[in-house]
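Asks: Listed below, chain by chain, are the residues.
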Amino acid sequence: MTFNSPLRPLRSALGPGHFPICAALLVFIAALLCPRTAHAIDDYKLGPLSMEQADVPKGRVIAHTNFASKVFTNTTRDWWVYVPAQYDAKKPANVMVFQDGHDYVGLKGAWRVPTVFDALIHRGDMPVTIGIFINPGHEVSRGMLTNAWRASNRSVEYDSLGDRYSRFLIGEILPVVAKDYNLTTNADGRAICGASSGAICAFTVAWERPDQFRKVLSTIGSFTDLRGGNVYPYLIRKTERKPLRVFLQDGANDLDNPFGNWPLANQMMAASLRYMDYDYRFVFGDGQHSSKHGASIFPETCQWLWRGWKENGR
Amino acid sequence: MKRFLLFCATAALSICSQAQDLAGDLTLHRLLIPGEEWQLVVDKQGFVDAPCAGDDDNFYFSDMRSEQGVFRVTPDGKVEPFVKAKGVSGMKFAPDGRLYCAQGGQKRIIAVDPKTGETSVLATNVQPNDLVVARNGHVYFTETGKKQVTLLIPKTGELRAVDIGITAPNGITLSTSQGTLAVSDYRGIHVWTFRVEENGDLTAKMPYMTMRTAPDTESSDKRMRAPGYKTASGGDGMATDTRGRFYVATTMGVQVFDPTGRECGLLTKPSDKAITSVTLAGPKHGFLYVTAADKIFRRKVQGEGAIFFK
Numbered sequence: 001m002t003f004n005s006p007l008r009p010l011r012s013a014l015g016p017g018h019f020p021i022c023a024a025l026l027v028f029i030a031a032l033l034c035p036r037t038a039h040a041i042d043d044y045k046l047g048p049l050s051m052e053q054a055d056v057p058k059g060r061v062i063a064h065t066n067f068a069s070k071v072f073t074n075t076t077r078d079w080w081v082y083v084p085a086q087y088d089a090k091k092p093a094n095v096m097v098f099q100d101g102h103d104y105v106g107l108k109g110a111w112r113v114p115t116v117f118d119a120l121i122h123r124g125d126m127p128v129t130i131g132i133f134i135n136p137g138h139e140v141s142r143g144m145l146t147n148a149w150r151a152s153n154r155s156v157e158y159d160s161l162g163d164r165y166s167r168f169l170i171g172e173i174l175p176v177v178a179k180d181y182n183l184t185t186n187a188d189g190r191a192i193c194g195a196s197s198g199a200i201c202a203f204t205v206a207w208e209r210p211d212q213f214r215k216v217l218s219t220i221g222s223f224t225d226l227r228g229g230n231v232y233p234y235l236i237r238k239t240e241r242k243p244l245r246v247f248l249q250d251g252a253n254d255l256d257n258p259f260g261n262w263p264l265a266n267q268m269m270a271a272s273l274r275y276m277d278y279d280y281r282f283v284f285g286d287g288q289h290s291s292k293h294g295a296s297i298f299p300e301t302c303q304w305l306w307r308g309w310k311e312n313g314r
Numbered sequence: 001m002k003r004f005l006l007f008c009a010t011a012a013l014s015i016c017s018q019a020q021d022l023a024g025d026l027t028l029h030r031l032l033i034p035g036e037e038w039q040l041v042v043d044k045q046g047f048v049d050a051p052c053a054g055d056d057d058n059f060y061f062s063d064m065r066s067e068q069g070v071f072r073v074t075p076d077g078k079v080e081p082f083v084k085a086k087g088v089s090g091m092k093f094a095p096d097g098r099l100y101c102a103q104g105g106q107k108r109i110i111a112v113d114p115k116t117g118e119t120s121v122l123a124t125n126v127q128p129n130d131l132v133v134a135r136n137g138h139v140y141f142t143e144t145g146k147k148q149v150t151l152l153i154p155k156t157g158e159l160r161a162v163d164i165g166i167t168a169p170n171g172i173t174l175s176t177s178q179g180t181l182a183v184s185d186y187r188g189i190h191v192w193t194f195r196v197e198e199n200g201d202l203t204a205k206m207p208y209m210t211m212r213t214a215p216d217t218e219s220s221d222k223r224m225r226a227p228g229y230k231t232a233s234g235g236d237g238m239a240t241d242t243r244g245r246f247y248v249a250t251t252m253g254v255q256v257f258d259p260t261g262r263e264c265g266l267l268t269k270p271s272d273k274a275i276t277s278v279t280l281a282g283p284k285h286g287f288l289y290v291t292a293a294d295k296i297f298r299r300k301v302q303g304e305g306a307i308f309f310k
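Chains as they are written, first to last, in my numbering: chain A, 1 to 314; chain B, 1 to 310.
I should point out that these hints are in silico values taken from the structure, not numbers from a laboratory. All C-beta atoms in this analysis are idealised placements derived from N, C-alpha and C, irrespective of residue type, glycine included. Be a bit skeptical, because a hint or two may be false.
Said to hold, decoys possible - If you want the ones that stay clear, here's a sample from chain A, every Cβ over 12 Å from chain B, calculated:
| # | residue |
| --- | --- |
| 1 | SER166 |
| 2 | THR184 |
| 3 | ARG237 |
| 4 | LYS238 |
| 5 | ARG245 |
To be verified - Mimicking SDA-like on lysine to any residue, the simulated pairs with C-alpha atoms at most 25 Å apart in a straight line are:
| # | chain 1 | residue 1 | chain 2 | residue 2 |
| --- | --- | --- | --- | --- |
| 6 | A | LYS238 | B | THR217 |
| 7 | A | LYS45 | A | GLU139 |
| 8 | A | LYS238 | B | PRO259 |
| 9 | A | LYS238 | B | ILE189 |
| 10 | A | LYS242 | B | THR251 |
| 11 | A | LYS242 | B | LYS273 |
| 12 | B | LYS295 | B | ARG262 |
| 13 | B | LYS146 | B | HIS190 |
| 14 | B | LYS115 | B | PHE309 |
| 15 | B | LYS295 | A | TYR278 |
| 16 | A | LYS238 | B | PHE309 |
| 17 | B | LYS310 | B | LYS146 |
| 18 | A | LYS70 | B | THR217 |
| 19 | B | LYS284 | B | LYS107 |
| 20 | A | LYS242 | B | ALA293 |
| 21 | A | LYS238 | B | LEU22 |
| 22 | B | LYS273 | A | ARG209 |
| 23 | A | LYS91 | A | ARG245 |
| 24 | A | LYS91 | A | LYS45 |
| 25 | B | LYS273 | A | PRO243 |
| 26 | A | LYS238 | B | ARG262 |
| 27 | B | LYS273 | A | PRO57 |
| 28 | A | LYS242 | B | LEU28 |
| 29 | B | LYS107 | B | GLN39 |
| 30 | A | LYS238 | B | ALA274 |
| 31 | B | LYS295 | A | PRO243 |
| 32 | B | LYS269 | B | LYS310 |
| 33 | A | LYS310 | A | TYR278 |
Said to hold, decoys possible - Computed spacing ranges between beta-carbons, pair by pair:
| # | chain 1 | residue 1 | chain 2 | residue 2 | range |
| --- | --- | --- | --- | --- | --- |
| 34 | B | GLU218 | A | HIS39 | 32 to 42 Å |
| 35 | A | GLY171 | B | LYS115 | 17 to 27 Å |
| 36 | A | GLY171 | B | THR156 | 24 to 34 Å |
Generate coordinates for the entire structure from the input sequences, incorporating the hints supplied.
Replies: If you want it as structure tokens, here you go:
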């Protein structure tokens with residue numbers, strides 16, 4: 001299995017008129033601070049917490065195949081469960097769900113979530129957390145799927161607004177995992193993560209069901225008009241604040257296409273979360289539509305997302 | 001000094017994230033109070049509706065399934081029987097001091113004198129859902145099944161349809177000046193407004209406010225780009241505050257609009273049960289009350305309810 005990111009050819013750099021001012025400032029300050037560093041865009045590398053360490057106890061990853069959903073009928077998908085070494089069946093574990101699960105679950109891929117979780121749980125930086133990695137559905141009628149990024153139902157499941165995906169996740173996937181593992185039902189102990197369309201999907205789940213998921217990790221999120229997701233920045237400003245903690249990452253060189261401008265859309269999201277006094281963090285770099293930046297800061301992001309877990313019990 | 005000023009400006013900006021609101025914008029920040037959430041104030045009733053404010057600090061409601069009918073909640077939270085009136089789905093105090101009640105099940109509108117308990121019938125053979133009483137004594141009520149808004153002038157006994165055609169006219173309220181009547185469409189997405197003429201006629205009908213609905217995840221063509229949205233808002237009981245804001249109980253929660261019909265925002269429902277109506281009552285009429293099945297919730301807001309009987 002390969003772990004390629006869904007890189008699309010970059011159309012063009014954003015015109016100077018569109019270059020976000022804060023990014024320009026950041027670049028300017030960075031240039032002042034390190035005048036001798038030649039910097040290529042989207043040049044992000046994984047840090048030590050994403051590398052396997054001999055003295056860190058390793059969790060297990062259990063693979064599941066051919067999940068048949070009643071919400072998304074006639075689809076099939078593979079999915080995985082990560083169980084940390086520290087898991088104790090007597091204590092409810094926290095939960096973190098990853099969309100496009102195949103990209104996150106591998107030990108050699110872009111994200112290496114099991115390795116990062118092993119390290120962070122071992123260090124006490126995050127609670128004992130069961131990871132659930134779910135691929136988007138692929139219609140059975142379309143035959144064998146060779147590349148998980150091309151799953152035929154991905155856009156329908158991820159880009160659509162509303163509660164349908166959350167009904168699939170909460171009503172179908174979580175009960176199966178809960179049969180084998182003691183999962184917390186405390187929404188503050190449940191996080192959801194995704195990149196691109198998987199990111200807006202993660203946000204939608206928490207937006208629709210803050211009683212179930214209250215932590216969101218979004219990288220290169222598609223808060224654009226793929227299927228109407230461009231409305232979120234405005235919905236956020238005109239909806240009573242929901243009890244969510246939201247992390248957003250994007251880069252100045254992300255997509256600019258018929259569906260919208262990803263860097264601007266993510267800045268809009270961040271501005272709206274700020275306007276409504278959400279507990280949020282926005283990291284804006286110079287990356288493209290890839291997971292390089294998001295993955296490189298994933299350990300720190302998890303520390304931020306789960307901060308205070310010892311005090312709050314979650 | 002410059003640096004200090006810059007620091008102050010930055011600090012002020014970061015503290016006050018709403019620094020750039022226009023003075024006239026009635027944002028959610030000008031309605032909600034941090035830390036003031038929904039609180040359960042009435043529980044274990046049959047089915048509550050017809051939340052109502054008086055000229056006092058009490059809150060009035062109807063339990064449609066009880067023999068007693070109408071109750072009040074005192075400022076210290078005590079629930080007491082108020083007047084006997086069964087199956088009331090909407091009620092308001094009138095300038096004559098009586099409580100006008102819509103009794104759809106009995107196809108009539110009645111007036112109850114709170115001092116004597118005496119009940120008079122104001123109109124029969126009608127199907128009232130909710131009503132509002134203006135300062136001049138005119139009563140406007142929705143007859144949802146008939147797609148009709150009806151005018152009743154108790155003094156003369158005049159009773160006539162003043163609008164026909166809203167899909168499911170349900171909640172009804174006036175503007176603060178009482179020059180505009182607003183009617184929510186339960187099965188549509190609009191709150192309709194009318195100019196209230198002196199003789200009681202309604203003119204200048206407009207789909208003035210657009211209520212938010214949830215994405216329709218079942219009906220939309222899966223290949224279509226934009227999401228489909230549900231076409232029924234569940235727009236139900238309404239209220240008005242002294243700043244001219246309109247409040248509507250809907251499927252998604254309480255939706256609030258400014259006097260020009262723009263959406264101020266959506267307040268989350270207090271429970272997963274449908275909310276049927278909303279009003280501002282209690283001390284200084286500064287609490288937003290919602291009826292939800294067998295329960296009533298309230299929260300303190302930055303707003304004061306408008307009352308129409310004086």
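Asks: Evaluate each hint against the coordinates.
Replies: Taking the hints in turn, this is what the structure says about them:
SER166/A, annotated as away from the interface, has a beta carbon of chain B within 12 Å; the closest lies near 10 Å. For THR184/A, the condition that its CB be more than 12 Å from all CB atoms of chain B holds, with the nearest at approximately 21 Å. With a minimum CB-CB distance of about 8 Å to chain B, ARG237/A fails to clear the 12 Å threshold, and the non-interface call is violated. The Cβ of LYS238/A does not lie farther than 12 Å from every Cβ of chain B; its closest approach is about 4 Å, which violates its non-interface assignment.
Non-interface call for ARG245/A relative to chain B: holds, since the shortest CB-CB distance, roughly 17 Å, exceeds 12 Å. Distance restraint check for LYS238/A and THR217/B: the Cα-Cα separation of roughly 22 Å lies within the 25 Å cut-off, and the hinted pair is therefore satisfied. The hinted pair formed by LYS45/A and GLU139/A fails the criterion: a straight-line CA distance of about 35 Å is larger than 25 Å. About 16 Å separates the Cα atoms of LYS238/A and PRO259/B, which keeps this hinted pair within 25 Å; it holds.
For the hint pairing LYS238/A with ILE189/B, the CA-to-CA distance comes to about 17 Å; that is within 25 Å, so the pair holds. Proposed proximity of LYS242/A and THR251/B is supported: the alpha carbons are some 17 Å apart, at most 25 Å. As the CA atoms of LYS242/A and LYS273/B are separated by approximately 18 Å, the hinted pair is consistent with the 25 Å bound. Proximity of LYS295/B to ARG262/B is assessed by CA-CA distance (about 30 Å); at most 25 Å being required, the pair is judged violated.
Taking the CA atoms of LYS146/B and HIS190/B, the gap is about 18 Å. The hint holds against a cut of 25 Å. The hinted pair formed by LYS115/B and PHE309/B meets the criterion: a straight-line CA distance of about 17 Å does not exceed 25 Å. A C-alpha spacing of about 29 Å is found between LYS295/B and TYR278/A, which places the hinted pair above 25 Å, so the restraint is violated. This hinted pair does not check out: LYS238/A and PHE309/B have alpha carbons roughly 32 Å apart, beyond 25 Å.
In summary, the hint linking LYS310/B to LYS146/B is not supported, as the alpha carbons are separated by about 30 Å, beyond the 25 Å threshold. For the hint linking LYS70/A to THR217/B, the alpha-carbon distance of about 14 Å falls within 25 Å, and the restraint holds. Pair hint LYS284/B plus LYS107/B does not hold up; C-alpha atoms about 34 Å apart against a cutoff of 25 Å. Restraint check: the Cα-Cα separation between LYS242/A and ALA293/B comes to about 23 Å, which is no more than 25 Å; the hinted pair holds.
Of the supplied pair hints, the one linking LYS238/A and LEU22/B holds, its CA atoms being roughly 15 Å apart against a limit of 25 Å. For a cut-off of 25 Å, the pair hint linking LYS273/B to ARG209/A stands: about 15 Å separates their Cα positions. With a CA separation close to 24 Å, the supplied pair LYS91/A and ARG245/A stays within the 25 Å bound. Straight-line distance between C-alpha atoms of LYS91/A and LYS45/A comes to about 35 Å, which puts the hinted pair past the 25 Å bound.
Our distance criterion of 25 Å between C-alpha atoms is met by LYS273/B and PRO243/A, whose separation comes to about 20 Å. Distance hint between LYS238/A and ARG262/B is fulfilled; the C-alpha atoms sit about 11 Å from each other, no more than 25 Å. Restraint check for LYS273/B and PRO57/A: not satisfied, since their Cα atoms lie roughly 46 Å apart, outside the 25 Å limit. About 13 Å separates the Cα atoms of LYS242/A and LEU28/B, which keeps this hinted pair within 25 Å; it holds.
Of the pairs offered as hints, the one joining LYS107/B and GLN39/B is violated, with about 34 Å between alpha carbons and a cut-off of 25 Å exceeded. Pair hint LYS238/A plus ALA274/B holds up; C-alpha atoms about 20 Å apart against a cutoff of 25 Å. At most 25 Å may separate the alpha-carbon atoms for a hinted pair to count; LYS295/B and PRO243/A meet this at roughly 23 Å. Between LYS269/B and LYS310/B, the direct Cα distance comes to roughly 31 Å. Violation of the 25 Å bound is thereby established for this hinted pair.
Distance check on the hinted pair: LYS310/A and TYR278/A sit about 21 Å apart at the alpha-carbon level, within 25 Å; holds. Taken as a hint, the range 32 to 42 Å is violated for the pair GLU218/B and HIS39/A, whose Cβ atoms sit roughly 49 Å apart. As the Cβ distance of GLY171/A to LYS115/B is approximately 55 Å, the hint placing it in 17 to 27 Å is violated. Taking 24 to 34 Å as the suggested C-beta distance range, the pair GLY171/A and THR156/B does not conform, at roughly 58 Å.
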